[in-house]
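K.L.:
Chain by chain, the residues run as shown.
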Amino acid sequence: MGLTAAQQGPGPTVRTVAVQDPAALRVHDAWVSYVPRRPVLRGVSLEAHAGAVTMVLGMSGSGKTTLLKLCKGLLAPQRGEVRVLGAPVVPAQSRGRLDSRVAYIPQQLGLVRTLTALDNTLTGALARIGAVPSLLRLVPENELRQARELIARLGIGHKADEKVYALSGGERQRVAIARALMQQPRVVLADEFISDLDPLTSTEIMGIVRDIVATGVAVVMTTHEMDVVRRHADQVIVLRDGEKVLDTQGAPDPAAITSALRA
Amino acid sequence: MRRHRGAILVATLLVLLALALADVGLLDPLRIVRGVGNLGEFASALFPPDPSSLPTLAEAMLETIEIAFVGTAIGFALALPLSLAASPVLFGPAVTAPVKILLAAVRTVPALFWAIVFVVAVGLGPGAGALGVALYSLGYLGKLLYETFDGVDPEVVEAVRSVGASRSQLARYVLIPEAANGILAQLLFMFEYNVRASSIMGFVGAGGIGFYILGYLGLLRYDLLLTALLLTLLVVVAIDRASAVIRRMFLYPVAPMPPGE
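Chains as they are written, first to last, in the working numbering: chain A, 1 to 263; chain B, 1 to 261.
Think of the hints as simulated: they come from the structure by calculation, not from any bench. Remember, predicted model here, so these are calculated numbers, not experimental data. Hints may contain errors.
Taking CB as the label site, the calculated pair distances span [stated by the list, open to error]:
no.	chain 1	residue 1	chain 2	residue 2	range
1	A	P22	B	D153	30 to 40 Å
2	A	L135	B	P51	45 to 55 Å
3	B	R3	A	A256	51 to 61 Å
4	A	E149	B	E147	34 to 44 Å
5	B	D153	A	V132	21 to 31 Å
6	A	A131	B	V236	56 to 66 Å
7	A	R153	B	R241	18 to 28 Å
8	A	A131	B	D153	52 to 62 Å
9	B	D153	A	T215	23 to 33 Å
For the chain A half of the interface with chain B, some residues (derived, Cβ under 8 Å), not all of them [claimed, not checked]:
no.	residue
10	Y34
11	V35
12	R97
13	L98
14	S100
15	P106
16	R113
17	T114
18	T116
19	A127
20	A131
21	L138
22	V139
23	Q183
24	R186
25	P254
Think of the CB as a built atom: it goes at the ideal place given N, C-alpha and C, for glycine as much as any other residue.
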């Protein structure tokens, strides 16, 4: 996204007025602890870029979920900083609205079970809908059309009016993706995104993820599936006991990842 | 050692119970015997129930149900916004604490007392009863509702908060739909409870079958009293059955997630 150097060639030199941060998401020296003096994240720094899949690996308890919640602003760091698209993330402590440009898909997907697939997708547009229309469930026509298109594109158009509790695991995964895309996000954070799916479904879902990334979205996901990492990661970050022990750029080396996880 | 401690605890409780029994006058054998005799007399005066007052009582019973219905509806309409304001999911302690105290204060006062207050305010009749029931329901339902909202899966709340939703949107799209099961169950429970509460509103002139119940007691017409009580029992059982049917019609499965594909 970020450019621009001085223009080449004849004519007056054009200067950039605002320098955009080339990283879609930047975490700098973040420390988080739930209990005093027991940090879950210890000085983690990372950059995630637009148009790339960043996979965060680590054993259970290594701080992966905490890292994603921190990036979303659901947690505030005791020290350090998180920036999205160059602007600092305002944490949710104030119970105000969070930045809709960052989509967050929690491990159990966080879908509203009693609402339909379509209504769950529409919740992704809530930041754009005013208080009164949303209380009356009067969704603008264009949002409704967009939600229906998204659901259809993700292959669950025929399930749009089914309640979420009646959907299968793969279908629910797609609803969660549809809700995230409805936010028109620049960054998508997904926690243990494909862990509960069979290999075929997870391949399909990763295909969808690749399509999203191709539109210039930065995807940060945690996973345990080494096969998925090998095939789809543009960058791999390994956490151990809250510390970053590996950060690859480009094609990851499976041996290095495995040794970082185990060591 | 541990078993020893348990025995001491049980013995202490038994001593306390004996002291309390004596204090409320239930350790007096003569009094107990007399009491049983009186109960027998009372029971024989109840039978057989006299059905001659049924048409009047049916009308009064209908009014009782109306008091409960209107009271539950008004109480719910007031309790819903207040219970949301009392939910830590949406607000910090600066808002939730005072609202919770308000609900507790309203709940502490029995419905019958609220009815007396409203008889003074709006005059004798079922209107005062309905308002009394409404206020009590507000306190009770308010608590039940905010506890239900507290039980909503925090991951769902986080997920929808993450889209940039406001507090009112969170309430509308997460808390209320996710808690719908509980809300319906509590409304039905409250209505059933209020039918019973409304049946004594007449004691203070606030309408319903209670006026007749108190009257028959005063006139020592226990046979008529029994008719009124049986009618109340019949209605409460009917409402209980109806609630069960409604619940079955509307409730979604609570543990619904089928195994992943």
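K.L.:
Hints the structure violates: just list their numbers, smallest first.
P.N.:
6, 7, 8, 10, 11, 18, 21, 22, 24, 25
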